[in-house]
Amino acid sequence: MEIEDLKTIWKNNERYERKNEAQIALMLKGQSKSIIDKLKRNVWFEMVFTFVSGLCLLFYAITLENGAVKWTSISILILFGVAAFYYVKKLILLNNFDSGKENIKDNLETLVTNLSSYLKYYKRSYTILYPVYFVLSLLFVAVERGMDEFITNLMKTETVLYLVGLAATFYLCCTWLVDWLIKKLYGNHLDKLKRLLAELENPLPA
Amino acid sequence: MTEDEKKFVNLINEHQGLIHKVCIMYEHDIDLRDDLFQEIVLQLWKSFNSFRGEAKFTTWMYRIALNTAISGFRKESRKVKTEDLREKHFNISDHIHRDEREDDFLKLQWAIRQLSEIERAMIMMALEEIPYEEIAETIGITQNNVRVRMNRIREKIKKLMLQ
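For the record, the sequence lines run as chains A and B. Going by this note's numbering, the first residue of the first sequence is number 14, and it counts up by one from there. Going by this note's numbering, the first residue of the second sequence is number 80, and it counts up by one from there.
FYI, nobody ran anything at the bench for these hints, they're computed from the structure. Glycine included, every Cβ here is placed at the ideal spot set by N, Cα and C. Some hints could be false.
Said to hold, decoys possible - Simulated pairs of lysine-lysine, DSS-like, Cα-Cα distance not exceeding 30 Å:
(1) K102/A to K85/B
(2) K42/A to K85/B
(3) K118/A to K135/B
(4) K53/A to K197/A
(5) K237/B to K186/B
(6) K135/B to K85/B
(7) K53/A to K85/B
(8) K53/A to K207/A
(9) K51/A to K186/B
(10) K125/B to K32/A
(11) K85/B to K207/A
Unchecked claim - Using C-beta positions, here's what the derived DEER-type ranges look like:
(12) N33/A to E207/B: 21 to 27 Å
(13) E93/B to L68/A: 19 to 25 Å
(14) L104/A to N224/B: 35 to 41 Å
(15) Q222/B to L104/A: 38 to 44 Å
(16) E93/B to V145/A: 52 to 58 Å
(17) I91/A to K135/B: 38 to 44 Å
(18) I91/A to H107/B: 47 to 53 Å
(19) N224/B to R137/A: 36 to 42 Å
(20) V177/A to N224/B: 56 to 62 Å
(21) K135/B to G200/A: 35 to 41 Å
(22) F62/A to R233/B: 50 to 56 Å
(23) E207/B to R208/A: 21 to 27 Å
Stated by the list, open to error - Non-contacting residues of chain A with respect to chain B, defined by C-beta distances greater than 10 Å in every case (computed):
(24) G67
(25) W84
(26) L90
(27) F93
(28) V101
(29) R137
(30) V148
(31) F153
(32) E162
(33) T170
(34) A180
Throw the hints in and build the complete structure from the sequences for me.
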């Protein structure tokens, strides 16, 4: 069977249900299901969530009199401000994707590079944030119980051991959770992209 | 609808066969094919402004449609309602009632689906009579590489169709 025979078979069949112009026009208003658009929607969701939480915290901080809790709340608000830059950077990274301008191989290379660096950035930022959240939680406890009592307790070996254990558990659980989430959401897709790229890059077997 | 939208919808309407073929070859789940069709239309629309007529419209469409089908589209995890062509269409008792041409097409369609995503893209374009030069450009490999790969793909399809 030669390629010409295959072409004849291929052309003799048009087995699909045609869409009309109204259906096509309606599609332009739809929501994209591409991986990049999904990532963008996730970033927007996180950004809105952070913004709303920040506003709630701001209102709470305003009701407080001067004191440690107020300053802790304000320091968290500053953290939220830093997070805004982090979300903007994420969106800039995602906006660099454009599947239309490149051939399949270049597009795969760009996707693998950008998606890998995006996921690394995602993971790294959370790895930095965990210790910050942990220290802030400790600070809240210290403020609640009184700084003197907190420092006295901190001198005890069992408290130190307990805190180290807690920090390690908290860190390992959160890291595992983020790893699992990234793998579940994007890991398989990234593996597929790498496999396809390898197919194009590998020299043809003899 | 704006003038650009009208122009775009007309062009898609005219060349929709190309998108349907990509969807059939890349999406096994019948329900998800419509999702892929819409995704390809959306990606084409997003890039429509960057189309300057340097390449043929269908070549440009192929590039975006294949990029979307191969690397841009992530399936929703749900119960897959697959269309198993071998079970559905090659049933012996049903065989006598079908047109031979249709049978050949279904066999070819099944054979193409057994290939890798990259090989599928190449054979589809070759069957659409797209020159090797344009196939090489769309895939991002040399013409010589296309020629070698195409020979292997043809051999694979031959074997598959004889099964």
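- Message: Quick check on a hinted range of 56 to 62 Å for V177/A and N224/B, using CB atoms only.
- Response: Given about 57 Å between the Cβ atoms, the range holds.
- Message: Looking only at beta-carbon atoms, does the pair L104/A, N224/B fall within the given range of 35 to 41 Å?
- Response: holds, 37 Å
- Task: Starting from K118/A, check that the Cα of K135/B is at most 30 Å away, please.
- Result: Satisfied, since the Cα-Cα distance of roughly 20 Å is no more than 30 Å.
- Query: Can the restraint linking K237/B and K186/B be considered satisfied, given a maximum Cα separation of 30 Å?
  - Reply: Satisfied, since the Cα-Cα distance of roughly 11 Å is no more than 30 Å.
- Are E93/B and V145/A spaced within 52 to 58 Å by their CB atoms? For E93/B and V145/A the Cβ distance comes to about 56 Å; the hint holds.
- Take a look at whether the Cβ-Cβ distance between I91/A and H107/B falls inside 47 to 53 Å. holds, 51 Å
- Can the restraint linking K42/A and K85/B be considered satisfied, given a maximum Cα separation of 30 Å? holds, 14 Å
- Looking at F93/A again, its CB stays over 10 Å from all of chain B? Label holds. Min Cβ-Cβ 30 Å, cutoff 10 Å.
- Task: Decide if the proposed pair is consistent with the structure: K53/A and K85/B, CA atoms, cutoff 30 Å inclusive.
- Result: holds, 28 Å
- Minimum Cβ distance from R137/A to chain B greater than 10 Å, as the annotation requires: Answer for R137/A: holds, closest chain B Cβ roughly 23 Å.
- Could you let me know if the closest chain B CB is still more than 10 Å away from the CB of W84/A? holds, 44 Å
- Message: Please verify whether K51/A and K186/B have alpha carbons no more than 30 Å apart.
- Response: With Cα atoms ~36 Å apart, K51/A and K186/B exceed 30 Å; violated.
Consistency note: the structure conflicts with the earlier hints numbered 1, 9, 11, 13 and 17.
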